[in-house]
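> Sequence:
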Amino acid sequence: MKLPTVTPADIRRALLLREEIALLDLRYEAAFATGHPLFAANMAVDRIAIEAETRLPRKDVPIVLYDGGDGLVGPGAERLAALGYTNISALDGGLKAWRAAGYEVFEDVNSYSKAFGELVEARRHTPSLSADDVAKLIADKADIAILDVRRFDEYATMNIPGSVSVPGAELVLRAGQAAPDPDTTIIVNCAGRTRSIIGTQSLINAGVPNKVRALRNGTIGWTLARHRLDHGATRRGEIGPFAGGPANARDVAYRAGVRHIGAREMAALIAQTDRTLYRFDVRDAEEYAAGHLPGFRHYPGGQLVQETDMAAPVRGARILLTDDRSVRADMTASWLAQMGWEVYVLEGGYDAALEIGPPRVLPRPDPAHRYRRPYEGTDVAQAAMQAYLDWEYGLVEQLRRDGTHGFYVI
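For the record, in the sequence shown the residue sitting at position 332 is 332 according to UniProt numbering, with numbers rising by one throughout.
Since the hints were derived computationally from the structure, they do not count as laboratory data.
Values in this document were obtained by computation on a predicted structure and should not be read as measured data.
Any given hint could be a false lead.
[As the list claims (entries may be wrong)] Listed below are the simulated SDA-like cross-link pairs for lysine to any residue, each with C-alpha atoms no more than 25 Å apart in a straight line:
id, residue 1, residue 2
1, K59, K136
2, K96, E78
3, K136, R236
4, K141, E78
5, K96, A243
Please model the entire structure based on the sequences and the hints provided.
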């Protein structure tokens, strides 16, 4: 099929003006991770039938396809058209033209979420401790609580000794139970940097009375410092917000520009069919399965902030979050708003009829085509871990050179 084309400058204009655009990289994820525009989203051509209707809910959304000169754009356009998508273009000259125009290319995956995390640390000077510092606190039996903000399966694979699983958006809701004494120092860790920075700053923003520190460089830093990791842990943080936490979370969202809306306003957003609206339930999977609002997809808040390009590939779209306790939605929304999204939190709705059933999970890609993250599993080479950290530390400067992000930090 003959496709209209757009130039790299057209893409840049749409991003700067916050117009809706889905810039899709059709290569396999492993190739995507070698370099792509900041707001490109990966949708491998053989995954379109599996992913498109979940990730691109509006059939006339502007979609721009590109590859690395692999001949994927034609087949990709045909597959999208067969699903009913009507506004498909090709990036003239593909990734090579983007590079030739002098525009920035970002490596790895979830790049703009990770870059945003680095910007938060740079702007807020998010406090952290080294792996050696934390190891000494553990050895000295200091009054600390180590909260692991990764997905539970990541935590169970490997964890800092004595840590408890409290996935990112759950922190404000569960920190009061995990560290009820305000004299307890809370240490937040992930695998690398982003989720621990965002988690630490979430607790600080929400006014937790405890001292809070990130474990600098996460389990990667812990491993590089030659400290021991535990495996197979099952400890989960229980619900118990600290005093004022829920109200403070709402205030954080308000300061970030998040709007709370009711059922009438939600209906009005849904009725505006010329705009993309993503609806996410940011609670944990068990709560979602027990009863959720119709039309909302499950995406835990901490992962949504980390994997925004995977969850919402249409840059410039609207995002509506729901959470029966509001705290997780407020904290998640506060970060998405700072990342330049038009984001809302739904008030209530859980007293009406709810749908029962587990989250819909997209099938995982073939491992042969997947990018192996340097922070997952237990057999990653130390050189790869160090290279990954070096890359993360350079992201703030790369954001400055790119100039399209529109991020701000409250």
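> When the hints from earlier in the document are held up against this structure, which numbers fail?
1, 4, 5
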